[in-house]
Amino acid sequence: NAGVTQTPKFQVLKTGQSMTLQCAQDMNHEYMSWYRQDPGMGLRLIHYSVGAGITDQGEVPNGYNVSRSTTEDFPLRLLSAAPSQTSVYFCASSPPPRRNMNTEAFFGQGTRLTVV
Amino acid sequence: GENVEQHPSTLSVQEGDSAVIKCTYSDSASNYFPWYKQELGKGPQLIIDIRSNVGEKKDQRIAVTLNKTAKHFSLHITETQPEDSAVYFCAASGNDMRFGAGTRLTVKP
Numbered sequence: 001n002a003g004v005t006q007t008p009k010f011q012v013l014k015t016g017q018s019m020t021l022q023c024a025q026d027m028n029h030e031y032m033s034w035y036r037q038d039p040g041m042g043l044r045l046i047h048y049s050v051g052a053g054i055t056d057q058g059e060v061p062n063g064y065n066v067s068r069s070t071t072e073d074f075p076l077r078l079l080s081a082a083p084s085q086t087s088v089y090f091c092a093s094s095p096p097p098r099r100n101m102n103t104e105a106f107f108g109q110g111t112r113l114t115v116v
Numbered sequence: 117g118e119n120v121e122q123h124p125s126t127l128s129v130q131e132g133d134s135a136v137i138k139c140t141y142s143d144s145a146s147n148y149f150p151w152y153k154q155e156l157g158k159g160p161q162l163i164i165d166i167r168s169n170v171g172e173k174k175d176q177r178i179a180v181t182l183n184k185t186a187k188h189f190s191l192h193i194t195e196t197q198p199e200d201s202a203v204y205f206c207a208a209s210g211n212d213m214r215f216g217a218g219t220r221l222t223v224k225p
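Read top to bottom, the protein sequences are chains A and B.
Residue 80 in this note's numbering sits at position 80 of the first sequence, and the numbers go up by one each step.
So the number in this note's numbering is just where the residue sits in the second sequence, counting from 1, plus 116.
I should point out that these hints are in silico values taken from the structure, not numbers from a laboratory.
Fair warning: this is a prediction, and the values are worked out from it, not measured in the lab.
Using N, Cα and C, we set each Cβ at its ideal position, and we do this for glycine too.
Any given hint could turn out to be false.
[Claimed, not checked] Straight-line alpha carbon distances no greater than 20 Å define the calculated EDC-like cross-link-like pairs of lysine to aspartate or glutamate that follow:
#1 B/Lys-174 / A/Asp-38
#2 A/Lys-9 / B/Glu-155
#3 B/Lys-138 / B/Glu-172
[To be verified] From the derived model, a few chain B residues whose C-beta atoms are all more than 10 Å from chain A:
#4 His-123
#5 Leu-127
#6 Ser-128
#7 Gln-130
#8 Asn-147
#9 Gln-161
#10 Leu-162
#11 Lys-174
#12 Gln-176
#13 Lys-187
#14 Gln-197
#15 Pro-198
#16 Ser-201
#17 Met-213
Let the sequences and hints guide you as you build the complete structure.
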């Protein structure tokens, strides 16, 4: 298994450009999520999905869109990039809860995005 | 939503000493509390976790304790080694998973 695969690893955008960060997992996990990591602020949840066709907002969703058409893929879209979106983005996936308790998140290697 | 506070933000110890990182959470519905280690340029990796029906868990040199009444949990690393140097994150998981701000641990040889 490849686990969680994110592409690209690095990206530079100009303000106002759009792009999609790709995330794919081959573990048949139902739960997928996107985080951004900024210095001193840890990992902040952007959007998450509990299964195909279902998405929900996290704590910092503004400026980002997601969709979940398949179990495997969970792309993150920036419609009009802003310098405040310069960050490292991590995608994660988790198996379903066991005995009504949540489970480990498996992370991709991250995408370093710079918006100039 | 869930709010996770983590302390300290930086921690420096001598090799062989113990390191303790503490976290608090706000949502009583959270039932799963993982700890992640992140090395430079990599994604976070799980090192230990604890569920809400357990008070303590140990795996070799690392241990985690959970106090559900007080809503806090801690990571203990004993006999620290230079390769333990990294950023450590706690998290609390209920409807979603929220992370603390991280602790940069430096183990000096």
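Each hint, compared with the structure:
{"no.": "1", "hint": "B/Lys-174 / A/Asp-38", "in the structure": "violated (30 Å)"}
{"no.": "2", "hint": "A/Lys-9 / B/Glu-155", "in the structure": "holds (16 Å)"}
{"no.": "3", "hint": "B/Lys-138 / B/Glu-172", "in the structure": "holds (14 Å)"}
{"no.": "4", "hint": "His-123", "in the structure": "holds (12 Å)"}
{"no.": "5", "hint": "Leu-127", "in the structure": "holds (15 Å)"}
{"no.": "6", "hint": "Ser-128", "in the structure": "holds (17 Å)"}
{"no.": "7", "hint": "Gln-130", "in the structure": "holds (25 Å)"}
{"no.": "8", "hint": "Asn-147", "in the structure": "violated (5 Å)"}
{"no.": "9", "hint": "Gln-161", "in the structure": "violated (7 Å)"}
{"no.": "10", "hint": "Leu-162", "in the structure": "violated (5 Å)"}
{"no.": "11", "hint": "Lys-174", "in the structure": "holds (18 Å)"}
{"no.": "12", "hint": "Gln-176", "in the structure": "holds (18 Å)"}
{"no.": "13", "hint": "Lys-187", "in the structure": "holds (16 Å)"}
{"no.": "14", "hint": "Gln-197", "in the structure": "holds (23 Å)"}
{"no.": "15", "hint": "Pro-198", "in the structure": "holds (23 Å)"}
{"no.": "16", "hint": "Ser-201", "in the structure": "holds (18 Å)"}
{"no.": "17", "hint": "Met-213", "in the structure": "violated (6 Å)"}
Consistency note: the structure conflicts with the earlier hints numbered 1, 8, 9, 10, 17.
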